[in-house]
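Colleague: Respectively, the protein sequence lines represent chains B and Y. Sequential numbering from 0 applies to the first sequence in numbering that gives the first Met the number 0. Sequential numbering from 0 applies to the second sequence in numbering that gives the first Met the number 0.
Just so you know, the hints here were simulated from the structure itself, not pulled from any lab data. None of these values were measured; they are calculated from a predicted model. Some clues are possibly wrong.
Stated by the list, open to error - Some chain B residues well away from chain Y (every beta-carbon gap over 12 Å; in silico):
1) VAL44
2) ARG53
3) SER86
Unchecked claim - Selected chain Y positions facing chain B (in silico; Cβ < 8 Å):
4) LEU43
5) LYS59
6) ALA67
7) ARG90
8) ALA100
9) THR103
10) PRO104
A virtual CB, placed ideally from N, CA and C, is assigned to each residue, including glycine.
Chain by chain, the residues run as shown.
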Amino acid sequence: MISSVNIAKDFSRFPAGRYKSDGPFPGEVCRRKLLVPALNRSEGVVVVELDGTRGYGSSFLEEAFGGLIREEGFDEATLKSKMQLKSSDPTLVDEIWEYISEAQQERRQQQ
Amino acid sequence: MIVGWKIVSRDHNERERRKELRASIIAFQDRVRICEEKGLEYWLSAADSERATALSVSLKSTLQSIAAELARIQVACPGINANSEMVRFRRALTGAPFEAANRTPCQPGAERLADISDAACDLTDTVDSGYLLHIDEGPLRRWKRRFLDS
């Protein structure tokens with residue numbers, strides 16, 4: 000079964016910053032309040048809709064998506080099979096998968 | 000005469016198409032340079048200044064429209080592929096500690112500032128060289144390449 004989350008509608012049109020201390024809609028909060036519950040709740044694929052915001056900073060994206068591996072214990076293979084990123088900007092999707100890959104590599108190096 | 004007219008008309012259309020493409024590439028490159036300047040100003044300013052807040056919002060939305068423009072250019076000119084350079088540019092401009100409350104301003108000559116300019120340059124150069132390759136190829140060679148690729 001496919002479920003979907005929309006960052007602009009379900010979180011904010013103005014995502015900004017990395018940590019809670021950086022503002023009201025940072026990557027850390029998006030990950031904890033939106034992405035993790037959606038991934039845990041759904042048994043099928045979760046579609047993450049990225050369109051509709053007034054742009055993303057890389058720091059937000061890294062914390063929200065790279066943090067899924069670093070902080071929440073997901074692994075890259077699970078995310079690849081369980082999460083689908085949807086955006087009219089293909090470079091945004093590429094960038095997010097880069098962060099996920101880099102976080103996975105970091106974890107491997109630490110182990 | 001009809002064949003001659005067809006050839007002239009086709010060449011004219013091709014020239015017009017190239018002109019339009021060139022104009023959108025120049026507009027794209029100007030936008031990248033403006034974004035680069037805004038980025039440099041952002042990283043040199045204090046995190047809690049009003050100017051930095053305004054610049055961070057503007058940078059994110061400008062990057063979004065630059066990416067959309069790049070996608071349109073890549074559709075019009077398949078020889079251009081600058082997606083990885085676009086990612087690098089966004090990462091250089093808005094990577095951590097972008098929008099962090101505890102960010103300290105960069106010193107002039109800081110590595111980040113050089114990275115931003117380098118990434119901007121790479122992005123505009125890649126688009127330019129992709130365009131030139133596409134134009135130099137000519138329609139017949141392009142058709143041959145597409146045919147062989149498929």
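Colleague: If a hint holds in the structure, say so; if it doesn't, say that too.
Modeller: These are the hints, each one checked on the structure:
1. VAL44: 24 Å, holds
2. ARG53: 5 Å, violated
3. SER86: 9 Å, violated
4. LEU43: 17 Å, violated
5. LYS59: 3 Å, holds
6. ALA67: At 7 Å from the nearest chain B Cβ, ALA67 of chain Y passes the 8 Å test, so the hint holds.
7. ARG90: 5 Å, holds
8. ALA100: Result: holds, 5 Å to nearest chain B Cβ.
9. THR103: At 14 Å from the nearest chain B Cβ, THR103 of chain Y fails the 8 Å test, so the hint is violated.
10. PRO104: Hint on PRO104 of chain Y: violated, closest Cβ of chain B at ~16 Å, above 8 Å.
Hints 2, 3, 4, 9, 10, counting from the list given before, are not met by this structure.
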